[in-house]
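Chains as they are written, first to last, in the numbering used here: chain A, 195 to 652; chain B, 39 to 376.
Derived by calculation from the structure, the hints in this document are not laboratory data. Keep in mind the model is a prediction, meaning the values are calculated, not measured. We treat Cβ as the ideally placed atom computed from N, Cα and C, and that holds for glycine. Treat each hint with caution, since some may be false.
Examples of chain B residues toward chain A, derived with CB under 8 Å [stated by the list, open to error]: (1) 311; (2) 313; (3) 354; (4) 357.
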Amino acid sequence: MLLALALSRPEGGARSVRGPLLLLGAGLGLLVLLPGLRGPEGAVAFTQLFGRVMGGAVLVFLAVTALEGGRAAWGAAWLSVLLLLGALWPAQVSSPVLGAGLLALVLTLLGAVGNENRPSLRLGNAGRALLGVGGAALLGAALVGLLAFAAWPAQTPGQRPAAVSATTGQARPSGEQAAHPEVFPERGLPPASAATSPVLGPRTVLPGTDLALLGGLLLVLALLFTVLRGRVARWRAGTRPQWWEIAALAGLLVTALLVVAFIFAAPGGGNGGGGGLAGDAAGDAARTGGTGSQAADQPPTRNAELLRWLSLISFVVLTTLAGLVFWLGLRLGPDTGEGEESDSAHADPAPVPDSAALHRVRLAYRAALASLAGAGLGRGQAETPAEHARRAARELPTLAGPLGTLVTAYAPVRYGGRVSDEDADAAERAAQDITTLTAGISPGQSRPDPADTESETP
Amino acid sequence: MTNAKEGEQGRVQGYAARVLENVARVLVGKEDVTRLALAGVLAGGHLLLEDAPGTGKTMLARALAASLGLGFRRVQFTPDLLPGDVTGVSVYRPATGEFEFVPGPIFTGLLLADEINRATPKTQSALLEAMGEGQVTESGVTHVLPQPFVVIATQNPIEHEGTYRLPEAQLDRFLLKLSVGYPTLEEEVRMLARLQGAHPIDTLGPVAGPADLLAARAAVQAVRVSDDLRRYMAALSARTRSHAQVALGGGPRASLALQGVAQALAALAGRGFVLPDDVKAAAPGVLAHRLTLRIEARLAGTRPEEVVADVLRQEPVPADPAAGGRLPGEHVPAGAAL
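Bound-form chain A, shown alone:
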């Protein structure tokens, strides 16, 4: 995913469209397959499928980009790699990769329409940052989740865990389990069997899964918030969001939903929504005579401990990333009273100055202006502070030092929106010096610039 995004070149018009489009296509394609990919086996299968689909999409992306750029040899080479992989491992590669390839080709062609007439990438710094952070967040979440699933102990058929009650977290007897309560003597759970492999119960297998689920939900909510806020900001700026920007964000959201869905699909995946999916697994377990979550009362195994830590880590990572995305959404949104700043995607957001120091510098500058005007050296309305300072220093060379200090402190305040206490101290001292130096001078003693006298500010 990140590779696809990284391949989007800022100056590349349609090329910029392809990455997000491929991402969206891959996400949507995998979403359809999701119902058949539950549980740990499904997670492994999903990982393989995801890799193949994205790998195929990237290869097609590279090939079409090369062909469009007139590099026929490179285009043929990338397509050959795709075909070679399909020929060598037809069962592993052909169906998903070729399916993704077809989808990618359609989307790529769609993205290439009007390439020459489309202006260069309109996504500003904030948008790029959003895509980068969102992509990184999802990749991190996916990695942590996949790590957790990869560490899952191997199971034999029929050893799937039992369902979890939506309210109590206990196994929910169903089917044959309900018909044979003697098999589940306590809390509806089957007794632990030392002869069986360590199939882990829902509460002990993934003690922190609920946390991971919560983190995933937070991340999705943060992304939703960011998307909505970004759209509001753009609409207020009078421009509609680009369709491919929406596609890119939708792709991110779909991928985020996939991550959360797998947390749901995992056995013991939470007390709430996970129950439904886990219930199916329980049904399977009952039908095949599996032992279900018979280890509920057993002490956690080494793998369970590892999984617990991974789940906790995933919660921390997901929550941190959710906070980051949320913060980004806040930055994207229209500022109170500063809406015009959001007009420019490249505008430096107004820094937050030390408001008290800013007030001190402003007062110092005003005091100095008043003193200079009293000496006949007022600022002409078409003069910049620096031009005014140079003219005043020409008339009264002793003013050069303090005026330079004052203007140096004032310019960042006035035009850069920032100031420090040291600047304020220096400005106040300079203003005091100017007042002292101009105290005994009347307007007639200095020679104001004739071009400026008519328009001097008081």
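Could you slot chain B onto chain A? The hints should help.
This is chain B only, laid out in the frame that chain A set:
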């Protein structure tokens, strides 16, 4: 965030210092015009150098191209030059039975269009699409130019014989029009001493690459422009339109150009924010060539640069905090005077 941006501007300042120092090895006493030219390149624009023959226009373009590490092609514009000689042509290949596009010299990093006003308007206009859109369309097929792409055109004053005045639309595509000017006596003496042997342009190497230029451009775009300075720039453009001696003034593109060059000048100075001084420094080069003077003003010998100077003298500079108001973010203690 602010420190990071200042760091970026510091890098732009260092980059610019290297380029300016390198160009100064070839051009003597032209620091100001070189600085403005570099600002134009950093702002993503194209430059028009106008002056009498032999003042160093071509040398400035060559030195900039060499210093920036861009691919360099030179086209000598003549009355018989055709558009295809610049943009490229489709050639029929009997072997394949197909037409093949042969790119013209415009497919480069920096194109020197030497004496552009000696070519016919048709050929001059061939540059319009390339300069405005960064692409060339030939036989209905559009070819995207490599980035960065910079055009530096030189021209002799139109009073000289055998020249065609650039159309307004073409002029508007140039971000800056600069005049190199004659050197002072001392500068000319120094130049003679420096160029007594081999010309330094032959050994002038790059001090940066295309990627550096793109990074510097990104940093320039991040330079902060306060709202009232934006209004100031828009007001300057508007005032050129209502000026008594002007028939056609600067448009919105002029305001955009003013902002871009002002940002670049601020970045060259290592600042993360634009000052009104940057705007004033940029205004003559940005605005003057976009003005069409009334006939009576031309007959009276008025020059566009004088009109721009007049506009700068008239337009109030936003410098004081609003009377009775406060600056954004300013906290006024209770009971304190505003």
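Structure-based check of each hint:
1. Evaluation of the residue 311/B hint against chain A yields a held restraint, the C-beta minimum of about 4 Å falling below 8 Å.
2. With its C-beta approaching chain A no nearer than about 6 Å, residue 313/B sits inside the 8 Å limit, and its interface hint holds.
3. Taking 8 Å as the C-beta cut-off, the interface hint given for residue 354/B holds, the closest approach to chain A being about 4 Å.
4. For residue 357/B, the shortest C-beta to C-beta distance to chain A is roughly 5 Å, which falls under 8 Å, so the interface hint holds.
The structure is consistent with each of the numbered hints, conforming to all of them.
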